[in-house]
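Here's the letter readout for the chains.
There are 6 protein chains.
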Amino acid sequence: MKTLVIAPHPDDEVLGVGGTLLRRKAEGHSLGWLIVTSIDAANGWTDQQISRRKQEVQKISQLFSFTEVFELGIPTTQLDIVPMKELVGAIAAVFASFQPNEVFVPHWGDVHSDHQAVFRAVASSSKWFRSPSVNRILAYEIPSETDFGLNPNESFVPNVFIDISPYLSKKIEAMQIYESEHEKHPFPRSEDSIHALATVRGATSGFQFAEAFQLLRERM
Amino acid sequence: MKTLVIAPHPDDEVLGVGGTLLRRKAEGHSLGWLIVTSIDAANGWTDQQISRRKQEVQKISQLFSFTEVFELGIPTTQLDIVPMKELVGAIAAVFASFQPNEVFVPHWGDVHSDHQAVFRAVASSSKWFRSPSVNRILAYEIPSETDFGLNPNESFVPNVFIDISPYLSKKIEAMQIYESEHEKHPFPRSEDSIHALATVRGATSGFQFAEAFQLLRERM
Amino acid sequence: MKTLVIAPHPDDEVLGVGGTLLRRKAEGHSLGWLIVTSIDAANGWTDQQISRRKQEVQKISQLFSFTEVFELGIPTTQLDIVPMKELVGAIAAVFASFQPNEVFVPHWGDVHSDHQAVFRAVASSSKWFRSPSVNRILAYEIPSETDFGLNPNESFVPNVFIDISPYLSKKIEAMQIYESEHEKHPFPRSEDSIHALATVRGATSGFQFAEAFQLLRERM
Amino acid sequence: MKTLVIAPHPDDEVLGVGGTLLRRKAEGHSLGWLIVTSIDAANGWTDQQISRRKQEVQKISQLFSFTEVFELGIPTTQLDIVPMKELVGAIAAVFASFQPNEVFVPHWGDVHSDHQAVFRAVASSSKWFRSPSVNRILAYEIPSETDFGLNPNESFVPNVFIDISPYLSKKIEAMQIYESEHEKHPFPRSEDSIHALATVRGATSGFQFAEAFQLLRERM
Amino acid sequence: MKTLVIAPHPDDEVLGVGGTLLRRKAEGHSLGWLIVTSIDAANGWTDQQISRRKQEVQKISQLFSFTEVFELGIPTTQLDIVPMKELVGAIAAVFASFQPNEVFVPHWGDVHSDHQAVFRAVASSSKWFRSPSVNRILAYEIPSETDFGLNPNESFVPNVFIDISPYLSKKIEAMQIYESEHEKHPFPRSEDSIHALATVRGATSGFQFAEAFQLLRERM
Amino acid sequence: MKTLVIAPHPDDEVLGVGGTLLRRKAEGHSLGWLIVTSIDAANGWTDQQISRRKQEVQKISQLFSFTEVFELGIPTTQLDIVPMKELVGAIAAVFASFQPNEVFVPHWGDVHSDHQAVFRAVASSSKWFRSPSVNRILAYEIPSETDFGLNPNESFVPNVFIDISPYLSKKIEAMQIYESEHEKHPFPRSEDSIHALATVRGATSGFQFAEAFQLLRERM
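Residue numbers (the working numbering), protein chains in the order written: chain V, 1 to 220; chain B, 1001 to 1220; chain C, 2001 to 2220; chain S, 3001 to 3220; chain F, 4001 to 4220; chain Y, 5001 to 5220.
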């Protein structure tokens, strides 16, 4: 079995699916990581930022033992102006290459326009006759994205809860690789917040710690 | 693995889940059938009707090789006036006895008030700390119930498609056991309609024939 | 200003609104508590249970300094068979007596049929020309009720976040008065779960700890 | 063509569909009026109230020239405890007798439990193989019912606007027959409010005055 | 009466509205066809593809006896980067020229971004004071578009069913004009799938074969 | 306290929030006005139009005594092609400068793509750790925008009603400053329509005249 996580930006894969990825690995799945955006000098990022990002991606790749890492290299925060056709084609090409069975995608109600664009592109690129390997698609939740939307009709309504009790500490460790992202609670991506969210999702589902997802489509 | 189908009335299990039950059987699952309502003389049913119903239940039990059949015996078309507490308790007792992992339930938007009551009762009776065996709940669709609702906010939105290609003919054969129910198309439970619905669900999911469900909760 | 919390069962007021009630008190509001159901010998409760419930209500009343406590005394878990007319009349009478401005009610998507009935009754009893004092109605969330619904269209979508940072420890202390209700995590009403939920709601809203609500109607 | 309006209580037909009924009459439709509830001495109504109600129904019948008036005679405000089976049967019998093509029903989100029960019963009683004459079902809106719901997921979303410019004054005249119901604005059923709602619905649809409906099902 | 079908790409008009168009023709309506996108050499299409497309459009025009065919000529799969202002203006111009009364549009939940853009543009271009002829707008369903969306809040909820029993065979014949599009079931646009969908929609509405639509706005 | 209204185009602030702004002023709030778009010669507007627009903005500023007026100067009807990143940054800069507590925004379901873009940008720019002053966000309704949407899932569902009885006449007077916008009823922005909408919203909430809003987020 092969699991692919689609991350608009590095760190989405840890925040949304980190525990589940570690569990899938332990269950024997091959893991793939599709990073949609990148940062570059042309868009005003410093060499130091670019190089740190590269190191973060490398460390995360090792920690999760990703079989393959795909980088589309589209400038970050600009997916809303990239033609949908290109994004669909690029994601479909990754599906064709990696042949994932289970795919994790950002939620359509996320505040970031990059997340929204990725979600929309996956609907097109995952049609069964185009990408027949894909038989299970789930949306993950990202603190300060999925819970920050203003449109009540686009809220995250989880229907799948995955026990990550043995993996939470390593998920939090993974988040610490992203130096720039960690601040103290109530900053939504703090260690406390991640721990609390896993606890709440666990209380709903009967596990010590859980990650929650919204199943979008399964074919079996 | 154990699969339980909750049928407000006999024939719901065939119409909604017939192909999947046959597949689950082939995959080695134990199957349970919970029939919520019954017909009796006190409510104006003839001896002939009651006896035919008994035979139908028996034939269906054999055809699907149900490990256990549970009958709550509540008078049909009267679930809306049965105290919810009783219905919840009765269903929870079946969960405790059969210990199902996968449960199929009617959809909340079904027109029949019996279906609606059963759906509501399952939400209570399936809480993880009350019925820990239950880790996957799906709503099925019933022609002339699920597609006949007038409230657009309660429509069936399938997210799970199960390949029943090898089992459709036996599903239709099972429906023929319910003599009173089969009429010609466009009657919604005709052989043509059942065949067409399986074809449409298959086209959406890449199978010759499929049954569609709405996943309500999964914990793994 | 007067704040009324409507609790189908004692403990809902703490779980859903405990921190906010303490804050409202500190802000100078008068607090009212409407307990809709009760337990009695006729429905099979022991004298010990009844007497303990009485003591719990008394202790909670003192802890929150409720100006008034209203008890409708309808047998618990039976609101679905109480005529809606009676429930509407009884709640409207409390509105007329206490004259609340802000009212907290259970969410329509709660699993318990008692919660659903109370929600529906409030819609009728709070019409402005019937209960003109009521100018703000909010639905609260209850672990293992609001997050346990199976109907995705009835999910809780919070739009009001109230900072309860100074009050969380006293809220948890209040929950400990309900001896029968506290178990360890992942039991959804454990101290850990309550703490985690307040942390998650805080991360979304920029407070150390928060309670979340869904505003249903405000007139100003 | 035959048009039937289903009114839980007398005056719903005027408030919700009054202008359209007058227009349908002018267009040559036969009009039917199904009054679901009644008031009687057993439920505490005075002879005077009962007799006035009778006169109101008579005057309204004349004003709209209803071909047939059906009264189910179920005590008002008690439809939530009437078995759904009875209500479905009674409404289906009226469909069988009057053979309506177009049916107007209350909205599911109305605050009054009588309205909700009627809506639910119509879904069952209007199935095409049970009531083949019915080929168009629309929900109407009632001031202080349809706009007073607290559940945002049950709001009225009109998709049909009918020009009632020539009929608004007669609709308001009809409302004056119901003496007990008319008070001054902002009372929601005042002449001013009715006039304003027709103006607003007209502005949305390009008519001087309009009534708005939510089409639920049409088969042609 | 004039009916206009808006097709993002040729074949949408047949798949979504083919039977109804033939029926409208038989009922005496004038039919218009608005094709939004085109293929050209600049975007990498071969002369052969372009010429075949031209022939297909011609054959379809004849088969349906369209009074007028409008082609906006925007490159296919690129509507998401066309300024909305342009698209709105172009569609409004067609409304002004053809003066349609009934308009069929793609559904907002279709997977293809071209379909989504067309839907959004119609909302603007169909305002009553801008395009007063338009008094009825319906969304149609397209296999592998309308049923392939991943966002459950954007699902197609049909409320209008049109009997196309006498026209299904000619609709299927029309589809065969589009050589490139027909493959065998379970390919979603196969003859079997089209036949099955018409059967399912018929079972819901009491006709041998039907097309289903979602009424968006009607003013009469 | 500081209140900011975000208007995609001048006149949205009057139509949607005019009465409330006057009331906020009377209550002692500072008022800010953020005008997102402008008209210029490069996009084909005449000098006369540009100069009249300038005068209208000035007169409105005086009438409402805005403390600050911000103009982003993005060409009107083109927000759908402006990179979301720019729009988010520009709005966040205004939040940083004016430090509003209460913010009024257009509704996501408005027909105009400019309104939709502004709504989406606010979700990003109003995150609490980015714009901590913002603690209350409400969507307003605009005749012929908010009520003209074709997607029923995006309808305006008001939950906050603000009494503007003393301010309606001045709101209408303010609208008359926008000469180009006023026509007679049923034109949706006529004096009659504005008066009628305020009456309808008042009837729902118990005031002579009211404005209605949908609360999106409040943190207190």
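Mixed in with the good hints there might be a few duds.
Simulated pairs of lysine-lysine, DSS-like, Cα-Cα distance not exceeding 30 Å [what the hints assert, rightly or not]:
#, chain 1, residue 1, chain 2, residue 2
1, B, LYS1184, S, LYS3059
2, C, LYS2085, S, LYS3085
3, F, LYS4127, F, LYS4085
If you're looking for bench data, these hints aren't it; they were derived computationally from the structure. Source: prediction; values computed, not measured.
Consistency of the hints with the structure:
The straight-line distance between the Cα atoms of LYS1184 of chain B and LYS3059 of chain S is roughly 47 Å, outside the 30 Å bound, and the hint therefore fails. Using a Cα cut-off of 30 Å, the hinted pair LYS2085 of chain C and LYS3085 of chain S holds, with the two alpha carbons roughly 21 Å apart. Between LYS4127 of chain F and LYS4085 of chain F, the direct Cα distance comes to roughly 14 Å. Compliance with the 30 Å bound is thereby established for this hinted pair.
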